[in-house]
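So the sequence lines, in the order shown, correspond to chains A and B.
Each position in the first sequence, counted from 1, maps to that position plus 612 in our numbering.
Each position in the second sequence, counted from 1, maps to that position plus 612 in our numbering.
None of these hints come from the bench; they were simulated from the model.
A couple of the hints might just be wrong.
Interface residues of chain B toward chain A, partial, derived using beta-carbon atoms under 8 Å [what the hints assert, rightly or not]:
no., residue
1, VAL633
2, PRO638
3, CYS651
4, VAL657
5, GLY685
6, LYS724
7, ASN746
8, PHE843
9, LEU902
10, ILE916
11, ALA918
12, ARG1003
Capping the alpha-carbon separation at 20 Å, the derived lysine to any residue pairs in SDA-like fashion look like this [unchecked claim]:
no., chain 1, residue 1, chain 2, residue 2
13, B, LYS715, A, HIS777
14, B, LYS827, B, ALA863
15, B, LYS673, A, ALA666
16, A, LYS958, B, ALA926
17, A, LYS673, B, VAL665
18, B, LYS724, A, LEU999
19, A, LYS827, B, ASN746
20, B, LYS673, B, GLU662
21, A, LYS827, B, ALA809
22, A, LYS958, B, LYS724
23, B, LYS958, A, GLN922
24, A, LYS810, A, GLN790
25, A, LYS673, B, LYS724
26, B, LYS858, B, THR925
27, A, LYS958, A, ILE927
28, B, LYS978, A, LYS673
29, B, LYS827, A, PRO768
30, A, LYS842, A, GLN922
31, A, LYS673, A, LYS756
All values reported here derive from a predicted model rather than from experimental measurement.
For each residue, glycine too, the CB sits at the ideal point set by N, CA and C.
What follows is the residue order along each chain.
Protein chains: 2
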Amino acid sequence: VADIEAEIISVGTELLLGQIVDTDAPAMAQTLAECGIVCRQRVTVGDNHERLVALLRAALKRCQVVITIGGLGPTQDDLTREAVAEAMDDSLETVPEVVESLKEFFASRGVKWTESNAKQAQKPTCATHIPNPNGTAPGILCNKQGKIVVCMPGPPGEFLPMLEHSVGPMLAQIGTGQVIFSKSLRVTGMGESAMEAKILDLLASTNPTIAPYAKVSEVHLRLTARAATKFDALKLIEPVEVAVRKRLGSAVYGCDDETLESVVIGMLTSRGLTVSTAESMTGGGLGKRLTSVGGASAVYVGGIVAYSSQLKTAILGVNKDVLQKHGPVSAEVAQHMAENAKELFKADYAISITGNAGPTSDTDGKPIGRVFVGISGPTTRVHEVNLRGTREDIRNRAEYLALRWLREDLLNLNPNG
Amino acid sequence: VADIEAEIISVGTELLLGQIVDTDAPAMAQTLAECGIVCRQRVTVGDNHERLVALLRAALKRCQVVITIGGLGPTQDDLTREAVAEAMDDSLETVPEVVESLKEFFASRGVKWTESNAKQAQKPTCATHIPNPNGTAPGILCNKQGKIVVCMPGPPGEFLPMLEHSVGPMLAQIGTGQVIFSKSLRVTGMGESAMEAKILDLLASTNPTIAPYAKVSEVHLRLTARAATKFDALKLIEPVEVAVRKRLGSAVYGCDDETLESVVIGMLTSRGLTVSTAESMTGGGLGKRLTSVGGASAVYVGGIVAYSSQLKTAILGVNKDVLQKHGPVSAEVAQHMAENAKELFKADYAISITGNAGPTSDTDGKPIGRVFVGISGPTTRVHEVNLRGTREDIRNRAEYLALRWLREDLLNLNPNG
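Bound-form chain A, shown alone:
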């Protein structure tokens, strides 16, 4: 059976000019994939009748299904109904029952009825209305000579419920009947091309397909299978996932919504271990990451942000001579910060971060991007790196690396963990 193909057309000058970010079209695209309908392309066009008609005609030539989002309101700028009728060689008719229910809707909200609102009760003669419990403009479903056009309102509060309750189930029926299911493996400590080199043959797989996505500090591998049921799709994914994990080893740290922080918190929880932090350059960012995970309170005791050198000495007990001799951005200070924090907070582990994130070279002459991370557990390891980018990049990357190195230590503590 040939794939059913679709295109999505987002309508609105505000969208086109980038004054609002389009979150409807991505949600629509995800639904199409789940219904086994292939999304060929998405287009955003302004409130322009001729262009919209031309786009609709071109899309209808290429695809069986065309989705429009937006342009169904009551104002002069709302042109989707007229454009769809013209592109389908049809004309508009007003549905009196819809006019009546619109008037009731206005009355129930205490809003004065103006005649321009009756426009929203129009539809091409080949179409039926799709109920919109959350707004005034109903959706429109056109079905003519084997072509389907679905018109949906743009406000997400109206669009999303209509997608979930009406349009999604309808598209699933006309789709291939197949289900599409994806799983993402999260890979850390290995660049995109190094990873590809290890799984080059697997990347040729067609069901599931395997697609790498480079993120800021890691790579996500998305495995997508197509089958009659979600269970069958999972069965297709499983052996490929096993093969990928075998090739990449512990570089795969989690899947789907798991984050490095949630995985680290999980490892500490299952081992009954606690952790604390002593941050300088990152100013509390590592603590924020750890506590972004619900349930972090069971393992994260707390931390200190020792931003000034005085504080490193006064509260964290970093030796003054060490500070003076090596400067605050040094392996020695990172080590003392981690070891003293572990003791101060009575935790099993402590992570320290000191470094220079810019904007200016530090007083102690360490270049921008030089960072020291200390991990103190049964023993203490200090890592030195030189990071690039903006102040925020350097800080974020240091936090991320601290988590990666803590995970490594926890893996080494118990390699089967």
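Assemble chain B onto chain A, guided by the hints.
Chain B alone, transformed into the frame defined by chain A:
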């Protein structure tokens, strides 16, 4: 003079399938508008060579300027370079200097070089490279027979700086020749409709135009003027800015890239005051915000993340009876945390945050979203709020409000400051 027209093509299967939301294309569209270039339409297409070539050819027929975003990476899926070369009837060449600088970039990060990365040093022969200080793939600027194609990398951390520093200024030159200059006023503590009501007549202004953009916790008012020179544009903006500021008073806290944290750090710096933090629910997020500002070390001493109740007592010295009687999420604990932190860190001000961000109702029975913020300076004020949203929403909003309230206290300290 006829308008210069442009189209934007976003490339990537992940984008097409809605797995990520495209924020680059809206930013690009805004820049085009500011440069006086008319954006005709935006298209999103997957990693598919033939379709991309067809789209490029069609766009080049309609428009003088075509922008592509994404598909410049080192993997097999990255097809933009090849597609653009084909659509421009050109061929690709490798620039040896770029290969060398890529190798240096990898070496400096301690990442192993793989030969597939050399692909990123290719460009059509009619093109020049656009520097990318934040990633490996340079941008590409093609200029052939009066047609301009600009190819930019997709990761926002690479795309946005390239847009601001290279592509934007270049597009302004080929635009109408007029300079478009914008200034954003940042408004806090006032909703969008309340603000609009105060400046309704000013919103009718056409040069500069005034457009309000609602952000998560604040509203930005964008004043955009068009003139022969930047100086003339600024002269148009000035009187309108003065009028807006007069109407909105101290709700306008800054402009353009200023953030609430940078403004607060600036106020503390100019007054010679220091600040410290005592965080529970936010886990270090407030410290991270304060230290996101370069030069924060002059005023931010440091802080403590007292995530566990034991720590609130042990290190921060919060009275055990107070903790037991009122629970960790209470006005009394927020007050003690702020006052004790001020003393412990020997700072002029201390900010405390305690609350319940979820996911579960706390042991002491405080509902999700209940937050207490203490500001201790010459006196101590405790604020209570009930925030909605996800765990991250609640934490972020609490940090933001703490900064807003510290600013208010500093303004009251010296109303002319």
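Hints versus structure:
no., hint, verdict
1, VAL633, "holds, 5 Å"
2, PRO638, "holds, 3 Å"
3, CYS651, "holds, 6 Å"
4, VAL657, "holds, 5 Å"
5, GLY685, "holds, 6 Å"
6, LYS724, "holds, 6 Å"
7, ASN746, "holds, 6 Å"
8, PHE843, "violated, 26 Å"
9, LEU902, "holds, 7 Å"
10, ILE916, "holds, 5 Å"
11, ALA918, "holds, 5 Å"
12, ARG1003, "holds, 6 Å"
13, LYS715/B - HIS777/A, "violated, 52 Å"
14, LYS827/B - ALA863/B, "holds, 15 Å"
15, LYS673/B - ALA666/A, "holds, 15 Å"
16, LYS958/A - ALA926/B, "holds, 11 Å"
17, LYS673/A - VAL665/B, "holds, 19 Å"
18, LYS724/B - LEU999/A, "holds, 16 Å"
19, LYS827/A - ASN746/B, "holds, 13 Å"
20, LYS673/B - GLU662/B, "holds, 17 Å"
21, LYS827/A - ALA809/B, "violated, 43 Å"
22, LYS958/A - LYS724/B, "violated, 39 Å"
23, LYS958/B - GLN922/A, "holds, 11 Å"
24, LYS810/A - GLN790/A, "violated, 31 Å"
25, LYS673/A - LYS724/B, "violated, 48 Å"
26, LYS858/B - THR925/B, "violated, 47 Å"
27, LYS958/A - ILE927/A, "holds, 15 Å"
28, LYS978/B - LYS673/A, "violated, 59 Å"
29, LYS827/B - PRO768/A, "holds, 17 Å"
30, LYS842/A - GLN922/A, "violated, 59 Å"
31, LYS673/A - LYS756/A, "holds, 13 Å"
Violation of the numbered hints given earlier is confined to hints 8, 13, 21, 22, 24, 25, 26, 28, 30; the remaining hints are satisfied by the structure.
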